[in-house]
Structures are given as C-alpha cells and as structure tokens.
Amino acid sequence: MKLYLLALLAAAASGVPGLWMRRRGGEVAVGLLGLAGVLGLWASLAVLSGGPGGSFAIRTASLGTPGLLVVDPVAAFFAIPVLVLAFCGALYGLGYWEGRRGNTPALRLVYGLLVACLVLLVAASHILVFLLAWEGMAIAAFLLVMAEDREAETRRAGWIYLVATHTGTLFLFAAFALLARTTGQSGFAALPAGLAATGAGTALFALFLLGFGFKAGMLPLHFWLPPAHAAAPSHVSALMSGVLLKMGILGLVRFLSWVPDPPLWWGGVLVALGALSGLLGVAFALGQHDLKRLLAYHSIENIGIILLGLGLGTLGKSLGNPVMQTLGYAGALLHVLNHSLFKGLLFLSAGAVLHATGTRDLERLGGLGQRMPWTSGAFLVGSWAICGLPPLNGFVSEWLIYLGAFRGLGLGRQAWPVVILLSLALIGALALACFAKAFGAVFLGLPRTGAGAGAREAPRVMLLPMGVLALACLAIGVAPLLVMPALGRVAEALGPAAGAGLSALGGLGAISGVALALGLLALLLWRWLRPVPQAGDLPTWDCGYAAPDARMEYTASSFADGLVRGLRWALWPVVHRPRVSGWFPRLTRYESHVPDPVLDRAAAPSLRLTVKGAALLRVAQGGALPVYLLYVLLTLLVLLVWMVA
Amino acid sequence: MVRSLLPTILQTLLHGLTVLLLPPLLPGLIAKTKALMAGRQGPPVLQLYYDLAKLARKRAVFSRTTTWVFLAGPVGGVAAGLAASCLVPFGHTPAPVSFEGDVILFAYLFGLARFLTILSALDTGSSFEGMGAAREATFSALAEPALFLGFAALAKATSSLSLGTMLAFPGSLATRFTGPLILILAGWVIVYLAENSRIPVDDPNTHLELTMIHEVMVLDHSGRPFALVLYGASLKLLVLGALILTPALPRATHAWQNWLAFYLALGGLAVAVGLVESSMARFRMTKVPQFLVAGVLATGFAFLLMLV
Amino acid sequence: MAWLLILVPLLAAALAFAVSSPTLRAWILPAVGVLHLGILLVALAGWRTLPATAWFGLDALGGWVLLVISVLFCICAFYAPAYLALRPERDHRVLSTCLLGFLGLASLLAQARHPGIAWVAMETTTLVSAPLIYFNHNRRSLEATWKYLVIGSVGIALALLGTLFIAYAAHMGGLEEPLQYTRLMENASRLSRPWLRAGFVLTLVGYGTKMGLAPLHTWKPDAYGETPGIVGALLAGGVTSCAFLALLRIYAVVGAAGEGAFARELLVAFGMLSMAWALVFMIRQTDIKRLLAYSSVEHMGILVFGIGIGGLAAKFALFHLAANALVKSVLFLSAGNIHRSYASKQLPFVTGALRRTPVSGWLFLLAFLAITGMPPFAPFLSEFNIAAGALGTGHLLGGSAFLILLGGIFLAMSETVVKVVFGTPSAQRVRTPYKDAPATTAPLIVALGLALILGVWMPRPLQAMLEHAATSVDRTPPPAEGLPSARLEVRP
Amino acid sequence: MLPDLLIALTMLSNFSLVATSRVAKAIQFAVLQGVLLGLMPLAMGLGRHFHIVLLAIAAVTVKGWLIPFLFRRALKQVHIQREVDPYIGYTVSLMLCALGTGLSLVLAHNLPLKAGTEYTLLVPASLATLFTGFLLLVSRRKALTQVVGYLVLENGIYLFGLLLVEDMPALVEAGILLDLFVGIFVMGIVINHIRVAFDSTDTRHLAELKD
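Chains as they are written, first to last, in the working numbering: chain H, 623 to 1267; chain U, 66 to 373; chain Y, 572 to 1063; chain A, -2 to 208.
What the hints contain is simulated information worked out from the structure, not anything from laboratory work.
Source: prediction; values computed, not measured.
Glycine is no exception: its CB is placed at the ideal position from the N, C-alpha and C atoms.
Among these hints, one or two may not hold up.
Stated by the list, open to error - Listed next, the in silico BS3-like pairs over lysine-lysine satisfying Cα-Cα at most 30 Å (straight line):
| # | chain 1 | residue 1 | chain 2 | residue 2 |
| --- | --- | --- | --- | --- |
| 1 | A | 207 | Y | 990 |
| 2 | H | 1234 | Y | 990 |
| 3 | A | 207 | H | 1234 |
To be verified - Selected chain Y positions facing chain H (Cβ under 8 Å, derived; list incomplete):
| # | residue |
| --- | --- |
| 4 | 729 |
| 5 | 786 |
| 6 | 993 |
Starting from the given sequences, assemble the full structure and let the hints guide the process.
Right, dumping it as structure tokens:
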C-alpha cells in the first residue's frame, strides 16, 4: 500500500519541478512517472499474484466516514494500464511535444495530475473520494485536450468534452446519492440481496449505466469522443483512449461487483448496448478520413466488445452459470488491458505520422512505410492486434468471449449468446477492412501529397514507448497463460464463482503452441524467399501503366466505398458527387464524409433550438422598471391568492 | 507404449504429407474438368506442380514502391493456411491439434491470411490491386457471419467447441439433424466458392482485371513469392474443403477407409467445383453480396432449426 | 463586543469620509476588515444561546453569516487599494464610506434579535449600497442604481408589512412586545396561523427581492453588471447573505409554529424557479458580469431550495452560503481584472484571457469550475449533499430537477467561460496597461484557497456552530427514510 | 367613528391619486393621505400614550412637511407639470384600483382580527393603499410619480402599523419613519442625477440595460 501511495505522490509531483527548471524539466517528469510506474506496478503485481491488498484511510471531516483507498485485485488490475501508458506517453511526449509549444510546463503538470487522479480513482472505495478523483480526472483531461486552444476546432472539441463529462458526473451524483441511501453508508459496499430486482435497483443500474457510459464512450453517449481524441495531443489521446474510457468500465465493474443477483435483463441490456457500440463504432470508423477520428471510433467499437463481455458475464451470473460468467468477465477485463495496450500503440504511431507530416488526413498521406519503417511496423502490430488476429493479444480476449458465448448456446433458448457471436464476427471482419484501409492509405503505396514525401522517421524517444507496447501485445498474445491467474483473481471480484478454472483452459496452451508454429513457419518461408535476387529498380507493373503515380492510387475513401454504401442505412454518408458531362469535362471534385449521428444530427440541432427558445424568453428582462415592479406585484398577488385558496 | 502411439503418429504424418503435397492437385482437377466439359483436352492435372517448380527457380521482380509488407502477404497466407490445416480433421480421422475453441482460431487464421494478402496488394500502390483488395475486404465481411452461424449451429447440436467433434461428430449428427446440416453445408459451399474466389463470385482465369477479386491482388507477385501465393490458394481449397466435406462423410470402421473416403470426396469436390464453373457464369459485382447474404440466411435458418 | 462589531466600522466610515488622502483612505478598508474579523473571532469564541430578552447578540446562525461576510469583506478590502489605485479618475470617498457603513450595518443585522431592528438594518444596507452601484457615475450605472433603489425599496417595504403581520400574529396570540426572536420561538404555538402565513409570504417576497430570487431579481444583472467587481462581490456575497439571514429568522419562527410544510413548498418552488430563470439568461450570455449576476440568482435559488428540502440539505445550504460567497468573490474580482485589461466585458472582444492575464484567467476558470461543483472545492460538498438530501428524503422530482438544472446551467455557463478564457486575444482590441500584479490577485488566491480548505477540512468549533445554526433554522426533523446523515455530512 | 371617516378619506384619496394627471396634485393627495394617517392614532383615542403622541407628531412632520418640501424642490428642478401618456390610462387605472380594493377586502376577510377590534376597515384599507401605490409605480413613466407611488405604498403599510401602534416599540417606529424619509431623500438625489444625465426624468430613457 505504501508503495502505491508513493506512486500516487510521485505521479502528482512529476510536473512540479518542471515549473522552475529552465531545461530538462521533461526528463525529470518522465523519471518521476517512471518511478511511479515501478512502485505502482510492484504494488499491483504483488496484489494480483495473491498478496494481501492493503488499504489506507483518509480522515477529514468533510468525508464523514474515513475515506478508504483499497488496492484490491480490481484496482491493481486497472492500475497497470494506467501506469504503463502514463510512462510511455510521457516519454513519447519528450519527442512529440517538448519545445514545440509555449505551454509545455503547464501541460506536464496537468499530465502528472491526471495520472495521479487515475491512480487515486482506481483505488478509491469511498463515494466522495471516488467523485473527487473522477472530476479531477475529467478536468485535467479537459485541460490537456485544450493544449492547442489556438485552433477553434480544439476549443469546440474541448467544450463538448467538458459538457459531456460533467453531465455524466451529475448522473453519478444521483446514482451515488441513491446508493448511499440504500446501503446506508458512503463507503463502497455490496447491495442487499433482492434489491437489484426492485425499482431502486433499476434506478441505480440506469443511473450508473448513464453516468459511466458517458465516460466509456458507449453509444449513443459517445459523441464527445471523436472530436476530443482528434484534437488532443497524440500522447494524451493515447492516455484518454487507452485509460480514461476504461474508467467508465471500471465504474461498471465496481457496480456489478456489488450486485449479488442481477436480473437477467441487465445482461441483455449490456449485450445490446455492446453490440450497438461495437457495430456502429466500427461502421462509422470506416467512413472517416481523419486518422485520429478513425482510431477514436475504434475505441467506441472496443468498448462495445468489452460491454459484450460484461453482458455475457452478467447473463451467466443471473443464470447461475459459472462458465459463462468466468469467460465473459475474464474476456472483458482482459480486453480492457489489451485495448489500452494496442490503442495506445496506435495513437502513438498515429501521432508520429502527424508529427512527421503535419496532417491527419488519410487522403493526403501514403507511402510512409519506406520513410518511417519503425513507425509503420508499430502501427501494423497495433492494427494486427485490434483486429483480433492471432497471435496477438486482441485475439486472446475475443477468444475468451467467443468461448463463453458458444458455451452459452448450450443452455435453453437464450438468444443473447448468438447475438454476441454474430456481433463479434462482424466487428472482426469490418475492423479488418478498416485497418487494412488505414494502414494501406498511410504507409503503403506512394505518397499522395508532398506532406508524406518529406517525412522522416520519428526520434528514438518516440519509438521506444511504441516498442514497449508492441512487445506487450505480442507477449500476451503468445503466452496468454501468464496473465490468467491474475485475471482469475480479478474476475472473482465480480462474482464468487467467476475466475475459477480460467488457467485450466486447455486452449490457451494450444494457442501459444500454434502461435509459435506460425512464427516458425513464417521464419522458414521468409528464409526461403529472402535470397531471391532483385531485378533492378522498377515501377509497379499494374498491367502496363508506364508511369503509375500517386494520383492513380486507390484512395482510402474508395477502398471503404463499397462497405460504406452497403451500410448507407446506418451511416447516412453525405456525398457530394459532381455531374461529369461532355467529352472534355472540366476539373471537378468529389467528396464524401460521414457525420456523427448523435453530435451532428441530434445534439447540435437541439442545442440550436434551445438557444432560439432562450432568445425568445429574453424579453422578460426587457429593461423597463415598471415591468420589473409588475413582476413583484404579480408574485405577491399569486402567492397571496394561492395562500387564501 | 510405442505400439499404442503408433497409429496416431502415422495419422499425423499422413495428415502433414497430405497438406504439403496434395493441394496443387485440386486446381488441376478443376481445370481438367472444365476443359473436358468444354470439349478441350486442357492442361495436365499436375500442371500446378510444374508451375510451382518453375517459379521456385525464377527471379522475382519487386516494384520500387514496395516494402517488406509486399512479401508478408504470401508468407502469411501460407503459414496461416498450414497452421489452420492442423486444426481441421480430414474426414473422420482426428486433427493433429484439437482443443476447446479451436474453431475460433481456425476462422481467425484465415482472417490473418486475408489481412496480410490485402496489405501486400496495397503495398504496390497500383489502383487495380487496391480495387481487388477493397473487394476482398468487403465480401469477406459478408462471408464471416455465414461461417460463424454454421459453427454456432453445429456447436448447439454437438455441444462442443472443437472442430474435431463438431464436424466429425461420432453420434447421429447426419441422421438427427439432416435438415439443418444440409442448410449449413449449402451456406458453407457459398463461403467456399467466395473464399477460394471461384465462379460465380470470381473468375480465376479471366483476363479483364477490372472484374477480378483475388487474382488482381497478386498481379505484381512473381517468382518464389508468386509460387507461395499459388500454393496458398490451393491449400485453402483443401483445408476449407475438409471443413465442408467432413460432416457429410459417413464414419467407417477402419482408418484407411476413412482416408480413402476423404480423398475420394475431395476429388469429387474439385470435380463439382469444375462442373459449377463450366455450367454457370460469373455474377455481376453487385450481385455478389446478395449471393453471400443467401449463405448467411441459410446458416442462420439452420441455427434456428437447431433451437427448436 | 457586540457593540464594537457595529461601532468600529461605522466610526471608520466617518473617518474615511473625513480623510482626504485617497491612498490613506484606501488602506483604512483592510485595516478595519482585519480588526472586525479579529473582534468577531474573539466574540465567536464565546457565543452562546442568548436570553429571551436580549436585543442584541451573536447566536450560531448570526455568527456564521457574519463570519462569512467579515471574511468576504477582508478579501475585498485587501483587493481594494490596488483596484482604487487603478481608478485614479474616480474619487472613492463615498465608496469607502459606504463599504464600511455596510459592514457596520451587516453586523447590526446579524446581531439584531428583534425582527423590527433586523428590518431597519436591512433597509439601511439597501440605502448605503445604492451609492456603491453608482460608483462609475455614468448613465448605465445611474440606471442600474435607480432600478436597484426602487425595486429594493419596494421589496423592503413589503418585508416591513410582513414583519408587522407576524407581530400581529403574536398580538392575536396574546403575546405582547417586545417580541424578540427567542420569545417568538418559545411561544410559536400561540401565533395566529393565517397572519403567520401571510406574514411569511410578504417577508419572503420582500427579502427575496433583496436576495434576488427570480422573478424578483430583475435589478441584479444591471446592478452587478455596472459596478466594479469589488462591489459586485460584496453585493453577491454580503447583501444577499444579510437578506437570507433575515428571511431565515422568520422561517425559523414559521417552522417552530408548525407551518413549516407551507413554507418549505414556497422555498422549493422559488429555488427551482430561480435556477430555471437563471439558466435561460445564461444561455449565450455575452456579458461576463451579467453572467455572474445570473449565476448569483441561481445560487440564491440553491440556498432556498436546500432550506426548503430541510435536514441534510438545509445544513449544506448554510454551508453553501459560505462556499458561494468565497467563490463568487473570486469570480467577480477576476472578472474585474479581465475587464480592466480588455476595457470590455463583452464576449466577442474578451477572448484568450489565459494569455493576456494568466493569473486572473486561471482564477476565473478554476472559480467557475468550483462554483459548478468540482471537488475538492467547497461548493461541490454543498451541491452534492443538497442533491443527496433531496433524493434521500424522497424529493425524487425536486432532486432530479435540481441536478438537471445544474447540468443545463453548466452547459450554458461553460460555453461563455471557455470562450473568454481560451483562444487568442482578439486583435482589434487595444491593450490596456493593466497587468496581473500580486496586489490584484493575491486576495483572490487566498479566497480560492479558503474555498478549497473548506471543501476538505473544517475546524471543529466552526462545525459545531454550523450544526447549531442548522438546527436553529430547520425546526422540523429530516424525514425518517432520509440519507444516514452522519455518513455524508460534515461531522460535528 | 372618526377613525372610520379618516380611513374612508384615505381610500378616496387613493382613487383621486390614480385619477389625476397632474404631478403636483398627485403629490398633494399623497401628502394629504400622510397627514390623515399621522392623525389616526390620536383619532383612535390613544392620546394617553406619550410615545404615541410623539409618534403622531413625528409622522405629521415627516409626511406633512419634510417630504412635501423635498418633493417641491425636486418638482422645481425637473419642472414637469403633468404625467403625459402613462403606461396605463387613467380610467383603466381607476378600474384596476377598484379591483385592488375589492381584492384587499377578500384578503382581509381571510385574516381574522383580534376579538373586539373595532377598526375592521383598517386592514382592507391598508392593503388597498398598498396596491394603489404599486399601481402608480407600475403604470407611470415619470420618476417623480413613481416616488409618489412608493410613498403611497408606505402609507398603506403605516396604516396597518396602527393596529399594533399601542405596543410597538418606539425604536422600531422611529426607525421606520427615518427610513421612509431617507429613502425618499436618496431617491430625490438620484432623480436629480437622472435629470442632469438625461435632461429628463422620463423613465423610458432608463431602459438601456437589458438582455
């Protein structure tokens, strides 16, 4: 526990020295965050390997009951991605951000505070402490998103994020108020059995789902996410997408762990929302041209996968089926870790691209694979993992959920498992298409504009964190058995039966075996290919085009066109297609984009309407004193009459 | 000890040899059938073996735009195919590797192969290959649900998650679930044709690149890489073939009978594909999705039948 | 002691009027502020429940409110010299005099044990604050002053009638003057109900006008918009607190007489209406000072809402009085600084405050976040617990409406604040010589610090005082199925 | 007997207040009303209480001499004769005034007086005067007339105060009178500033600040 608290302090203090140091402030911050990482990981791993979870009480008057920090398996598990990504992001920031802008020290300070809030949040086990960390996290993230507030786009994104997160927090106010009322204390505690089925239980479920859903980016509460992730500095986007969203999941996990007997429909709701988020998330990703927006929509998709897992586990819990419960919860939790690893990796490499070329627009990039080999390798690993392809970590977590769903088919007429199966299958296929598009458009072929042509490989300090994350992805993918015991302990928090026999799954060993075989085969074949002599410096043949140039390349939009059209009914793409006529048509432009359904089609218009309405009501404050006095008189009369009547 | 293990070892050896040597025969068979149907003599059945041998000796040509990703396609395709082949039983002889949930690994290995092939196509920066890659990605997205619905139905029927028991179910799968089984196989045949880019989804030996899916993705491959591409394709024919043949095959008492049955069925499948190819024309690109959706519906309906 | 609290500021006011040197006069304010706070603390050390016949004296409630006002005055007073130095063109003889006079009268009000005297004090505070609003001596400030004066006087007149009604209610109950609060409370059961109700309605409207509850608040945006930030802070945190105190005294009597339910309904309704009204006018509000004025209306609404809910919420409404006063002072003063630097308080011109006036910009942003309920600042505790109290005591509708309105207000307010604070200063705006200096920012930092400390820690005696104050106001015990208060609230 | 007469006169003065268009007249009526009320305590035969006699004297001096003096000064400075186009016309004002009186009767009906109080007209009259004052405040444009309205409103309150005059502490009474005086005084000052700033006391100029 002491180690954990020290990690908290180190993280909080990481940005402070930089305020006074003229130089090397960034290195100090990285050092402190590294220290925090080591200490925190030490503490967390100790707990996850079966050690005793410590606890620490904050005693201040305003808390009433002393506020507890408890490092239980759940906290330890969620702390790992926080610490890892925080360190990687900071290190990356040295190359990405330092010296580029004026506000570097402030950015460092807030970054450190954000990490501290996250570390505090995962361990918080008291309503007020939790809310404190929660809001601190939200505000710090807001300030980080605003790092480039000179752009109007960034300001808009930041504002939307601020409003969304605060709305979520207000739902949590209500939820925790009800919780405290039902459990009778402000520390975290399990709900009494049988309560979940009552109206209060329903209210709690709904409020927590809304409050945490906003943070997790669950559809349709996701609308703040794409703009914010696109606007934030890339290492911050990595942290937000990799860790902040997961805090919403953490909240749901905590809540589910307090409920001994969830009704069957809770699981159903979770599965339905998961399928919605997953499918629409990836579908909207297909329609994006902005690399970081695309990644942001994929975060929504992965949140969907996690929700599918949680839903499966909850179904198992209410059906009293330990296998479903274990596999569902374990899969969801592992996917939390995995997603933070590979999504962090993807955002970091996307940032490297932005850093090198100055654009996020897929249609202006291309051909970076030759100029930035390491970055492209990192991005490839990330895409590989996020598509859930073996032998990387994404496959393992999805495999667990698949397995649970298949097992679920066995019992009765449950329709949910097959929903999960189909959603996962479709999500997988679409994600594959989407990342083929993204990787192809950015790294393969020829540079489409000068932006790509002049690119140079990112500095080592940026490549190193990517390498770390990539290796982590590979490790979990090849040797899943390593994480299973810990995962089991965490899953047990969600239900006593859960987590049992996770390590006994025969498949895991076989998976690593197949993974090794795969590697070996690839190596052999590679060896067989390598000695082939290169026949001169030639262009792409392409059926005889003498000089294939970038303008003939298949663009990202055209790559996705087929699927986007197929999903027209869901995406409502906005297409501007010029009419080309005559024998010598003049120069023209085609463009298509996919606006966000909630933000651009629901939230913004309704807000505009509200503003109009308010403008009408403004006459009430028209400036004429007699009218104001009339208000007083009328108020008086109304109250007197009401009193008499 | 050794005596008891011997059959298993032999079986595995035979499995390996089949995977390594047999595949190139299947395209030959298909081509032969088509030729005979068209009243031509056609190339020899072993033509692909000759081609592979020749390509292995040829120099390869690489465009200046390509990177190592360009080679990852062929390599990944073959590696994944071989890995997948260890998971699927050939007829009623069990697969070398088999465990709870190998179904998913099996499906995702083919996903991996597809992913790498698409990337290596995009690596050339050619517009044709980009087009092919896009089509591959689009259509396979539709094939995936059909495959998984079939698995779901079988899993429900056999309450098992291992290809070995799901496909080569010892009990009365074929008799008790005849209706659903037929639907599943029908759906899977569609998947089979699509995944192996055969008519009516794709025409492997057309000469109009605009209409190709798979062939156009490998336009720029040559020499050994191209050899790997061709071998990988034929391997896919074999492995997926095993997937759809096994449930249909009766279980024999002796191992050799099972092998024989499997080989005969495989040959039959190749001939059948040949017949299909020579009896019908390629669909218009816009019709293909409908064709694949039909496969999804078939398997989905099969699953519903399993529920009741 | 009691008399010192009243006389020191009043004498100082006379002195300030006499002194001719502006700088010297300006420094009288902080000196008196500290002195007053010191005396108050000494006096509070020995506060006790007062004998029924006492005309003056500090009880828990009065002490609490006066403490808030005194601290607020200190903050503004330490800000004053630097600010007044920035405005050499304006003679501040009247300003200083009235500020000090206000402090004296507030002390009188806080210690008055008789409704009549309380009323007299309230009325005089109205009169002394009128010249404050007119400080800028231009047409706009004149209009604001006129509106404030007329509406305020009418309101206060109604409050007088209400007080008389209550006196008559006692008269009918056979209770004779002098009617100190204590006596009224003791014999509350004998008061005549109809007159009591009517009296409460009138006092609510009257003092509500002074507090600025919608729709009686109409003078507020004009007055706050046209005065220096320092006056705005004192009006928003001080005068309103006085009116609230006067109202609470009457409410306590009504509650003791068993008409609590009736009064609660009115208070909750006024709270909701005020928050909603404020929300409407915060949407796309381009004038930052008017924005703050409406925010003040909102928080007055929160106060009466909390009192109306009662129990836990009532206690935290009193706590919110302090939280709001502190944070509001930061908001008004930093807005004043920004106004100084841009020579404008209108939105299209005032952007990128973080770049032009970094300290004030950050203070403005943080104070905004604090006032909208970000932990660990004090308003978070009060707003969360008021919501919790409402939901916990089964006011599900009220509680959810409260939260929804908070959300809407955040949406509206944040839009303006984000535009003001972030981005780049607009080019066409001439740069005034003003720069953030310790003298103009340190008091704000202290205030925000206090709000922060109050959010996590509170000295025991202060807690005890708050407890007593709450119990003395909120006569009806919180409903049985309420939140287990001992857990979530500030512990005695 | 006599008190009721005075009260009746007060109510009459209400009507004439809203009916008149001349500012000077309005002021006269208001002052008259003030004097009437100042005499009320004596009329109610409370002359035996010394502090009440003092109060009566004070009231009469303030309402009958000081305030009119202020008004006349203001009137000279702003030199306006008549209230031109009020927000609400005179006839409508009269109707509203009558309505207010009726309402105050209803309200008073719901407020039972102490057993054995003979001045049953007092409460309705005070409420009616209150509403009249409000009416003037709401319906007139000239700042001065609005101050008159405020004065009338205060009269209404004072009228009710008479119910308690016997045992109300002198301190409070004095405070009230003082406030009234100071209030009017300050308003006078502000009106003067308004005149200087806008060279008119028409409150239509005072509507710049709005949303």
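Hints versus structure:
1. 207(A) x 990(Y): Between residue 207(A) and residue 990(Y) the Cα gap is close to 22 Å, so the pair holds against 30 Å.
2. 1234(H) x 990(Y): holds (20 Å)
3. 207(A) x 1234(H): holds (17 Å)
4. 729: holds (7 Å)
5. 786: holds (4 Å)
6. 993: holds (4 Å)
Hint violations for this structure: none, all hints satisfied.
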